[in-house]
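Asker: Keeping their order, the protein sequence lines are chains B and S. Here the first sequence stands for residues 1 to 556, where the numbers follow the numbering used here. Here the second sequence stands for residues 1 to 556, where the numbers follow the numbering used here.
Hints may be right or wrong, so weigh each one.
Here's a subset of chain S near chain B, in silico, CB distances under 7 angstroms, partners left out [said to hold, decoys possible]:
no., residue
1, 25
2, 408
3, 419
4, 420
5, 421
6, 494
7, 507
8, 547
9, 551
Chain S stretches covered by chain B per the calculated footprint, using a threshold of three residues with CB under 8 angstroms from any CB of chain B [to be verified]:
no., stretch
10, 183-196
11, 518-525
12, 535-541
Since the hints were derived computationally from the structure, they do not count as laboratory data. Since the structure is predicted, the reported quantities are computational estimates derived from the model, not experimental observations. Ideal placement from N, C-alpha and C gives every residue a C-beta, glycine not left out.
Protein chains: 2
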Amino acid sequence: MSLKEKFEQYKSILENALNALKNRYFFAQYPEMPSPAVYGEDAQQKGLQAFENQLNKPFDRLLQSGEWVASAEKSPFRNENIGIQYPVHKDVQTYIDLSKKAFQTWKKLTVEERAGVLIECLENIKKHFFEIAYATMHTTGQAFMMSFQASGPHANDRALEAIAMGYQELTYFVHNTSWIKPMGKVNVHLEKEFIPVPKGISLAIGCSTFPIWNTVPGMFASLITGNTVIVKPHPLAIYPIAIVVAEMQRTFQANGLDPHIVQIAIDHPNNLITKTLAEHPDIKIIDFTGSSEFGHYIESLPGKITFTEKAGVNSAIIDSTNNYKEMLNNLAFSVSLYSGQMCTAPQNILVSEKGIETENGIKSFEEFAQDFKAAVEGLCQNPKAGPAICGAIQNENTLKRIEEAKKLGKIILEPRKIQNTEFPNAVTSSPLILAINEKDKSVYEKELFGPIVLLIQTSSTDSSIAIAKEMAQKHGAISCLVYSKHSHVIEKVKEDMMEAATSVSFNLYGPIYVNQNAAFSDFHVTGGNPAGNASFTDASFVTKRFHYVGFRQPKS
Amino acid sequence: MSLKEKFEQYKSILENALNALKNRYFFAQYPEMPSPAVYGEDAQQKGLQAFENQLNKPFDRLLQSGEWVASAEKSPFRNENIGIQYPVHKDVQTYIDLSKKAFQTWKKLTVEERAGVLIECLENIKKHFFEIAYATMHTTGQAFMMSFQASGPHANDRALEAIAMGYQELTYFVHNTSWIKPMGKVNVHLEKEFIPVPKGISLAIGCSTFPIWNTVPGMFASLITGNTVIVKPHPLAIYPIAIVVAEMQRTFQANGLDPHIVQIAIDHPNNLITKTLAEHPDIKIIDFTGSSEFGHYIESLPGKITFTEKAGVNSAIIDSTNNYKEMLNNLAFSVSLYSGQMCTAPQNILVSEKGIETENGIKSFEEFAQDFKAAVEGLCQNPKAGPAICGAIQNENTLKRIEEAKKLGKIILEPRKIQNTEFPNAVTSSPLILAINEKDKSVYEKELFGPIVLLIQTSSTDSSIAIAKEMAQKHGAISCLVYSKHSHVIEKVKEDMMEAATSVSFNLYGPIYVNQNAAFSDFHVTGGNPAGNASFTDASFVTKRFHYVGFRQPKS
């Protein structure tokens, strides 16, 4: 099948995606529930088997060569190394050379041809959703359901969104035109071509907690616009994205294309290559998810086009509610989900010293603290819900951070181990909840990554809003959650958080959480505060990856 | 009339512009010929009078206050200071404070409301095209026709293009949606808002040669996306853009808006303010046209969104032609137009030592040099065409540069004064033409701004192409002109110059020149080589000026 025919095959997927993107309504090409009816009766069992078979063996599915090097990846659930070896080139120049070669053919395809084969990549990745889920679990510590959703269907939807956005922008202007300028007695007639030219090689630097979800948007945005991609995963979360890359390479090969259009470049334990790659003159585009410090370094590299997601300090503002109990449950879920290791998890919960208006009268700051503690405890210590929601702790530094944080305020809830009968060795921690005052700025103006929640007593809801705004402007924020039944509060929050370039969820109850950002509808990160300079997936996320070159000549 | 009604009034202009932009065909909202039939019988006379009346007086049309300061603007035609005083604030913070205040209302308008009033600004600027033309002549040294076209209709068209591009991008996504996610037995229903939020205050730094054409695209792109603008003109070319700013301020005021939505900030002779403004934390966006050195400084400022046009080394590759004489004429015009002071003027003319295939056999490098010399001399020394095409020299440093350049190669044509009967004191120079060899890289790899043309003898057309590509990749290029009747040469140029991110004009004869870039059709600067990081007007030129903030709450 030609690439043109391939495009026709997948065109309806693209059209649905484009329609959803433009109208921002609910759309999911890849169903989020790991249901046997959708994904096949034995899909989960087969995925688990593929995962178990891969452990302690070479990952030999990539169409890349190199020296076999064992990674340091460790399962937070089993608390043991997963022992996989990956092929590693001794010299990063090898990745660059292979990428440059692949670029020569990839850049010449039409956007339709690229869109077709990239959607086929997603369709092929879909066949591995369950192995990807287990690979994600046992590198990130996400519980199974989140691992499946975030690394599987949600990531694929985000990738499809990037393809659709790229397709839209690459086809907006005509690529050929007859330009006829009347000049009195004569016309000047030029035939013009407008070629969208990709920038070159793109580097996608992954993070340890969402190794696929945060990496594929940049990858697919670069690919649809004609750039080739080198993926540099976090050294502790290689396996999930390696499955994705291998599947893509095989899809390219099956379509007669160079598999090195996308490559994975893994650190040698004695040779960390991220900076070498990032500073390489042939790397033109860098997508990055990770720490603010490294993100600033990436943004400051001269001559690079960068897309960053860094740390932030997210706030929840509790003013008033008509459903106190459901609010507590929603909030408890949001801070517990993946043990607070999400970039969208609330950290600073701001409550006025005047208390919270509820359907049962005013709840004081102290009452709220105790009620919230009970809600979090109830969730995390529930033998079924606890491990399923909290998952495990990805990095041991997070455990140290929890210990150190204990002295930062009045302890409302001591962190405890979460019992996990399936994985008795799992590295876990329920949230540490501290109470502090709005004067303790030095405490709450830092990102305390992991299950650490600060209840901050403020002088008023206005002061809560001011703090949320200031934190977002100074330190970045990716989410904001507000409970209020007063329209003047809602309007004030909108006005202030707009200035802080932070999206806000209001009055969430039931099975929808501030942590969640839906592809085709919610923009993830605004790009307007220090938490990052880019957004999944607005027009800039693709238009910065190419430029137009024009050719014109007289009509012959 | 409400702003909404204003939008309806101008909607058809916007729709025509959008249609042209998308389809890249010929479109001009503002006719380029200064014809009395179009612009009014006495428009030119009135414009000249307005100009003469303004000389040596305070420019009192701005809706800005400040200390009156005389500028150093000097007419290259009269060789004397034009003696205009402008209002200057002692402290740049005053401009920032006024801009911040204006931003509070401007950002809240809808894109339709902003589009309406901005198009009205253009319609009002149009009434001053002739005064603008004389102001441009007597600051830049452009001859009348170019002054009229570049600063009048062509600039207005470029501004309209930016409005249209902004309108397109700001309305692409819906701003409100009902998001209904089916979750088995229940639906989650959120009402979502997506607000395009402007970045803040935008700084537009102008250049001395095209004080309006190069400045208005960034201004209008920032304004349509909701940012306020401070224009910092070049100290030697204030008057033309001051007319534009004054007219805009009056249009804003007439529509009940804050005139400080756009301001002009002029250097005090003892206090150059460009860097102070550029580094100010409240300046979020910077548009810049000027030297490469200053452009690099602008691009390196942390946390700023920058759009730059810097210097470049433009090439013409002469391989073969079917119309040798017309080629010479076209090329002679392009190097003479505004005495080579255009960013699109060819500097390096590359000819193989094997000569040029023509309809009358091979012309050797030496023959071409002599024939080209004759064509340039014929044009420049023609008493009518010479002054009308070459204009005058804007900056005395350019005269020094011509003198110094004489020792760089074999002189083919000595620069001469161009006789100008209307302005006998005009500072003029016909082009200096030098012959050098491809080995003299140190000579031709620098931008020699002004009427300095290098004829470079190369070993082959392939070598000519390689040099054009290398210059563009290393030093930037904004144009490239190629004469060839061989499709393999044309294909090779396309492939190589695409890699160098440089647009190419092929085989131009008659009244169309490589120097010209038409609004709504030709992208000006690609943004892909060192000549600049932005393009008039692609999607990135507007999308980088705002970001989306989302609000969501359950359907009540």
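Asker: Please list, smallest to largest, the hint numbers that this structure does not respect.
Answerer: 2, 3, 4, 5
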